[in-house]
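Enquirer: Here is what each chain is made of, one letter per residue.
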Amino acid sequence: MLIEKKLEQMGLRLPAVAAPAGLYVFTKRVGSLVYVSGQTPDINSELQFKGVVGEDMDIETAQKAAQLAGLNVLSVLKAELGDLDRVKSFVQVLGYVRCAKGFEDHPKVINGASQLFKDLWGQAGVATRMAIGTNELPEGSPVEILAVVEVE
Amino acid sequence: MLIEKKLEQMGLRLPAVAAPAGLYVFTKRVGSLVYVSGQTPDINSELQFKGVVGEDMDIETAQKAAQLAGLNVLSVLKAELGDLDRVKSFVQVLGYVRCAKGFEDHPKVINGASQLFKDLWGQAGVATRMAIGTNELPEGSPVEILAVVEVE
Amino acid sequence: MLIEKKLEQMGLRLPAVAAPAGLYVFTKRVGSLVYVSGQTPDINSELQFKGVVGEDMDIETAQKAAQLAGLNVLSVLKAELGDLDRVKSFVQVLGYVRCAKGFEDHPKVINGASQLFKDLWGQAGVATRMAIGTNELPEGSPVEILAVVEVE
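Residue numbers (the numbering used here), protein chains in the order written: chain A, 12 to 163; chain B, 12 to 163; chain C, 12 to 163.
Just so you know, these hints were derived from the structure itself, not from any lab. There's no promise every hint is true.
Which copy is meant is left open, so a pair is good if it fits within one copy or across any two.
Stated by the list, open to error - With a straight-line cut-off of 25 Å between C-alpha atoms, the simulated DSS-like cross-links for lysine-lysine are:
#1 Lys129 <-> Lys75
#2 Lys75 <-> Lys112
#3 Lys112 <-> Lys89
#4 Lys16 <-> Lys61
Next up, chain A with everything else stripped away, as it sits in the complex:
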C-alpha cells in the first residue's frame, strides 16, 4: 500500500466509489490495460465544483477540480485492482475543460490531475495526454478526465 501511504502523507484521501450514474462501468481490464471511465470532481455523486473555466471559475480552482477528478480515477482503479501499487504506468490521460470563449490554458487545468499522478508514481505516472476545451460537460462539471493505465 505504498501509493496510499504517499497519498496520506500528501494530506489527500480517496473519495468513496459511488455507483455508476448510468449504463457504464468505471473500469474495464483487457490484458495489461485498464480503461477508466470519464471522471468528474464529485464526492458521493455530488459535484464539488461547477462552472465555466475562464468565465465564472479561475484556473487555480479548476486545477483543484481536476485533482479531485484525478482522485476519483484512483478510487475506481483501487476498486478494480485491490491495491494501487499494482498500477505500473499511466499510458493515456484525456482531459476536457468546459471553458469560455477564448480560453487557451487547458493544459494548466489538467495539470491538476497530472501532477497528482506524477507525485505518486514519478515518471511512470506521466502519461501521453490531451487537454482541450468543450462547450458543456455533464451536470455542469468544469472538467472530465479519462485514463488508460498499464497494470502488473
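Keeping the supplied structure of chain A fixed, place chains B and C upon it in accordance with the hints.
Expert: Okay, now just chains B and C, sitting in the frame of chain A:
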C-alpha cells in the same frame, strides 16, 4: 448468429455498411481489440437525425439518434468479424453530444447506444464510458459514438 | 529509412521535437502499441496556425495546419522508435477542429493529416478515425490530433 437473432427479436436491423466518407477505415483490429471509427446516426450515408440537443432536439429523439449510431457500430463490427457473436466485451465507448449552452444530460443521450449494447451482450456489453458535449459535429449530426471492443 | 526518404521526396521535413509543454510525455509504448499525445501545428513550440475554422480560417488553411500536426505526430514517433519504418499500422486517429457555429466539414480538415499518413504507409496508414468540433483548443490552435499506432 445469436446476437443478430436478438436484434431481430428487438425489432431492430443493422444498417448497410456504406463506404467510409474519407481517409479512414471503419474498423481496425490489433490483437484482441477492435477499434471502431466515430459513428453517426446515418443510413446509406444519409443522416437520419440532425440538430442541436437541448435547442431544436429533445433528449428522447437524441437517444434514438444514439441508438442508430450504435447500430452502425454493430454493422461495421459485423463487417470486420463476420459474426457479432465474436464480440466478447465492450471496453470503451466515447460519446459526443452536439448540444445547447447549459445542456447537462449527455449521459442520458448516450444511454441510447449503451442500452442497445447491454440488451444484446448483458454485462459484457457495458463498457467504460465518456459522454460529453461538443459545439459541432460533422454534417450537423447530434451525436457521434466511438468504441473499442474485445473480440475472441 | 524508407519512410523518411518518401517524406523528403514529398518536399516535407519533420519538425524538431520540442520539450513537452507540461506534465505529459509525447509517446508511451505498451506492448505493440504506441500512444501519441495530442499534437498541434507548431514548430519549436510556436504555433504556426491560429484561428477558428469557418470563421477566420478556411478549410484549405486548416488542412495545412492538420498536416503540420500530423508531421509532429511523426516527429515524436521517430523519437520513440528511432526509425519510422518500424510503424506497422495507424490504428486510431482522433482529430479535433476548433470551429465556428454551423461548421460541418471536420473530416475534410483532419484529412490533411490522414492524407499524409496514407501517402507514407499506404493502406496501413489509414486508421479508424474521429473528426469533430470543439469550442477552444490550447493557445488558440485550430486543430489537435492524437494517434495510436501499432509498431513492430
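Enquirer: Compare the structure with the hints numbered earlier in the document and write down the numbers of the violated ones, lowest to highest.
Expert: Violated hints (numbers, rising): 3 and 4; every other hint is consistent with the structure.
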